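Residue numbers (this note's numbering), protein chains in the order written: chain A, 1 to 342; chain B, 343 to 618.
Be a bit skeptical, because a hint or two may be false.
[Said to hold, decoys possible] Chain B is faced by these chain A residues, among others (derived, beta-carbon under 10 Å):
| # | residue |
| --- | --- |
| 1 | Arg-8 |
| 2 | Asp-40 |
| 3 | Ala-130 |
| 4 | Thr-235 |
| 5 | Thr-283 |
[Unchecked claim] The following residues of chain B were derived to be distant from chain A, with all beta-carbon distances above 12 Å:
| # | residue |
| --- | --- |
| 6 | Glu-351 |
| 7 | Val-363 |
| 8 | Thr-378 |
| 9 | Gly-404 |
| 10 | Thr-418 |
| 11 | Leu-425 |
| 12 | Thr-439 |
| 13 | Pro-450 |
| 14 | Asp-510 |
| 15 | Leu-527 |
| 16 | Arg-555 |
| 17 | Arg-563 |
| 18 | Gly-568 |
| 19 | Thr-578 |
| 20 | Arg-580 |
Hints in this document: simulated from the structure, not taken from any laboratory. Note that the structure is predicted; figures quoted are calculated from it, not measured. All C-beta atoms in this analysis are idealised placements derived from N, C-alpha and C, irrespective of residue type, glycine included.
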Amino acid sequence: MIAVRTARRRVVVTLLCLVVAVGLGLVGITAGSSSLTVADVARTLLGGGTAGQQLIVFDLRLPRVAAGLLVGIALGLAGALTQTFARNPLATPDIIGVTSGASFGAVAAIVLAGGSYSVGAGLLALGLPAAAVLGALLASAVVYGLSWRGGVDSYRLILIGIGATAVLTGITTYLIARAQITDAAAAAQWLVGSLSGVSWASVWPVLVAVLVITPIALAQSRDLEVSQLGDEMSTALGVTVQRHRLLIIVCAVVLTAAAVSASGPIEFVAFVAPQIARRLAKTARPPLLASGLVGAVIVVGGDALTRSILPGEVPVGIITTIVGAPYLIWLLTRRKQRENLA
Amino acid sequence: MTETTPALEVRGVTLAYERSVVFDGLDLQIEKGRITTLIGANGSGKSTLLKAFGRLLTPDSGSVHLDGRPLRELPTREIARRLAILPQKSLTPTATTVRELVSRGRHPHQSLFRPFTPRDREVVDAALAATGLEQLADRDAGSLSGGQLQRAWIALVLAQEAPTILLDEPTTFLDLSHQLDVLELVRAVNRERGSTVVMVLHDLSLAGRYSDRLVVVGEGRVLADGTPWEVLTPQTLRDAFDLEALVVPDPSSGSPLVVPVVRTATTHAPASPPTS
Numbered sequence: 001m002i003a004v005r006t007a008r009r010r011v012v013v014t015l016l017c018l019v020v021a022v023g024l025g026l027v028g029i030t031a032g033s034s035s036l037t038v039a040d041v042a043r044t045l046l047g048g049g050t051a052g053q054q055l056i057v058f059d060l061r062l063p064r065v066a067a068g069l070l071v072g073i074a075l076g077l078a079g080a081l082t083q084t085f086a087r088n089p090l091a092t093p094d095i096i097g098v099t100s101g102a103s104f105g106a107v108a109a110i111v112l113a114g115g116s117y118s119v120g121a122g123l124l125a126l127g128l129p130a131a132a133v134l135g136a137l138l139a140s141a142v143v144y145g146l147s148w149r150g151g152v153d154s155y156r157l158i159l160i161g162i163g164a165t166a167v168l169t170g171i172t173t174y175l176i177a178r179a180q181i182t183d184a185a186a187a188a189q190w191l192v193g194s195l196s197g198v199s200w201a202s203v204w205p206v207l208v209a210v211l212v213i214t215p216i217a218l219a220q221s222r223d224l225e226v227s228q229l230g231d232e233m234s235t236a237l238g239v240t241v242q243r244h245r246l247l248i249i250v251c252a253v254v255l256t257a258a259a260v261s262a263s264g265p266i267e268f269v270a271f272v273a274p275q276i277a278r279r280l281a282k283t284a285r286p287p288l289l290a291s292g293l294v295g296a297v298i299v300v301g302g303d304a305l306t307r308s309i310l311p312g313e314v315p316v317g318i319i320t321t322i323v324g325a326p327y328l329i330w331l332l333t334r335r336k337q338r339e340n341l342a
Numbered sequence: 343m344t345e346t347t348p349a350l351e352v353r354g355v356t357l358a359y360e361r362s363v364v365f366d367g368l369d370l371q372i373e374k375g376r377i378t379t380l381i382g383a384n385g386s387g388k389s390t391l392l393k394a395f396g397r398l399l400t401p402d403s404g405s406v407h408l409d410g411r412p413l414r415e416l417p418t419r420e421i422a423r424r425l426a427i428l429p430q431k432s433l434t435p436t437a438t439t440v441r442e443l444v445s446r447g448r449h450p451h452q453s454l455f456r457p458f459t460p461r462d463r464e465v466v467d468a469a470l471a472a473t474g475l476e477q478l479a480d481r482d483a484g485s486l487s488g489g490q491l492q493r494a495w496i497a498l499v500l501a502q503e504a505p506t507i508l509l510d511e512p513t514t515f516l517d518l519s520h521q522l523d524v525l526e527l528v529r530a531v532n533r534e535r536g537s538t539v540v541m542v543l544h545d546l547s548l549a550g551r552y553s554d555r556l557v558v559v560g561e562g563r564v565l566a567d568g569t570p571w572e573v574l575t576p577q578t579l580r581d582a583f584d585l586e587a588l589v590v591p592d593p594s595s596g597s598p599l600v601v602p603v604v605r606t607a608t609t610h611a612p613a614s615p616p617t618s
């Protein structure tokens, strides 16, 4: 009976998050320097509207909102996967070294390739996301490889990930400190995480990543549940522990790398979204789909906020940090003793 | 497959942790439908051997056979339908009810395309009933006492419906009364379902009371093997456990009772029970 009720609640929460995310997306299309009404947007989306409105909606605002939705889904889902797999709500994909690897890759591309603003235009469209993805994949592969000792244990993986993150962050900071001022500014801008300057070209890779990875991740959700009982019990119950663990890590890494390549590292989404989704759905572990959709709500909502209410377009990465950090502290101060794991 | 096929068998198995070899070329067969208990001193490798039987540890050489077939040729999910294991260390998940925990035992019988069925529910209900946990089914597993939690883990193992069951020190951390509860339950499962049980126990007298066969391991080999009365002799206890002990018939069950000999003459305990 209880199982049925929680399952139903999970479905309702997931659908609600979907509705809110899409709704915020539509609101997001109206927000910006040249204001459109909801009616304008609806008319344009249905094929009407002036040429100017079509340009704003289809070429500027829609890719930005789509990127926001997809980046949010990717980060929220990746966070739910790592938190559940590591049995720790603080275990975001960042700690496997993905984000710091991506940042290192992107900053190295900006600084070492001499990618100043003039050179940047072409490089930013093609080279930067690729450099970020490369950095993310390399860093997480090295962390995974170093953690391997006849199998990977999540505790060792996290400790080595923290070490790798420290090293990569150090090198990244050094690169910025030594860079030309314009490159340093571009790198700092990228590191904050922002959806401004997003085009359809940056949407497609994230869309493909989300479409490919989500079913793989969902197919692992039963094994993920069993793996909460420890490695030996999981093996006893027929889970191929190391293969399952590798799949979960690959899913989280690919999702995060794709998201970061599109928008830069948007902080705290992968951490906060699964915890919000878990509390909304009242489940023991973060619900995967709902976590992704809460991530989408956070990113799209935050981005709409920066464009409509706040002056001078604050990057969405700042908003998520300002909202996310206090949430983390609040979570740590109020949570009950037994409610402490993901 | 005839009845004489052993439920489990190791052939020429070498087991090692890092560089220290625990067993070298070990052969052992476990008959179907009986309770076999592995005993031995600390560090003798009894849990290591149990892990090898349960594919939790891969032998460096030799092979392990389940119902006559090599473990390495069987898919792990199929092994899980034939062989259930209660490891020494399992993690109790947070915010999970006892019923949900026990339901995990159905995992090897489920797949993406075959989710939880009414039959799974019946099996879980039966496992909860067999372990006396019906009243606690909707409680959070994290709120159970040690004895209740151990019964929940055993219920999970029962829900797996595997004909062969491995239990690694199922009575650790339990008081004597709860140890007896668990072992009575194990024997009932063995007698009623015909399950093959292999377990590791520390308490020699309880091992003698609840086992059909005892296997003493140590020094990388089997030191003694047989019925409790054959195995629990003062000589074996001296050799395997470095223990001076008397073995007397248990006044309650008739099984061998191991009574360690007093080591120092000065003892503060009364020499005889008070007479009143």
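For each hint, the structure was consulted:
no.: 1; hint: Arg-8; verdict: violated, 15 Å
no.: 2; hint: Asp-40; verdict: violated, 45 Å
no.: 3; hint: Ala-130; verdict: violated, 34 Å
no.: 4; hint: Thr-235; verdict: holds, 6 Å
no.: 5; hint: Thr-283; verdict: holds, 8 Å
no.: 6; hint: Glu-351; verdict: holds, 19 Å
no.: 7; hint: Val-363; verdict: holds, 17 Å
no.: 8; hint: Thr-378; verdict: holds, 18 Å
no.: 9; hint: Gly-404; verdict: holds, 19 Å
no.: 10; hint: Thr-418; verdict: violated, 5 Å
no.: 11; hint: Leu-425; verdict: violated, 8 Å
no.: 12; hint: Thr-439; verdict: violated, 7 Å
no.: 13; hint: Pro-450; verdict: violated, 4 Å
no.: 14; hint: Asp-510; verdict: violated, 9 Å
no.: 15; hint: Leu-527; verdict: holds, 19 Å
no.: 16; hint: Arg-555; verdict: holds, 23 Å
no.: 17; hint: Arg-563; verdict: holds, 25 Å
no.: 18; hint: Gly-568; verdict: holds, 29 Å
no.: 19; hint: Thr-578; verdict: holds, 30 Å
no.: 20; hint: Arg-580; verdict: holds, 34 Å
Consistency with the previously given hints fails for numbers 1, 2, 3, 10, 11, 12, 13 and 14, ordered from lowest to highest.
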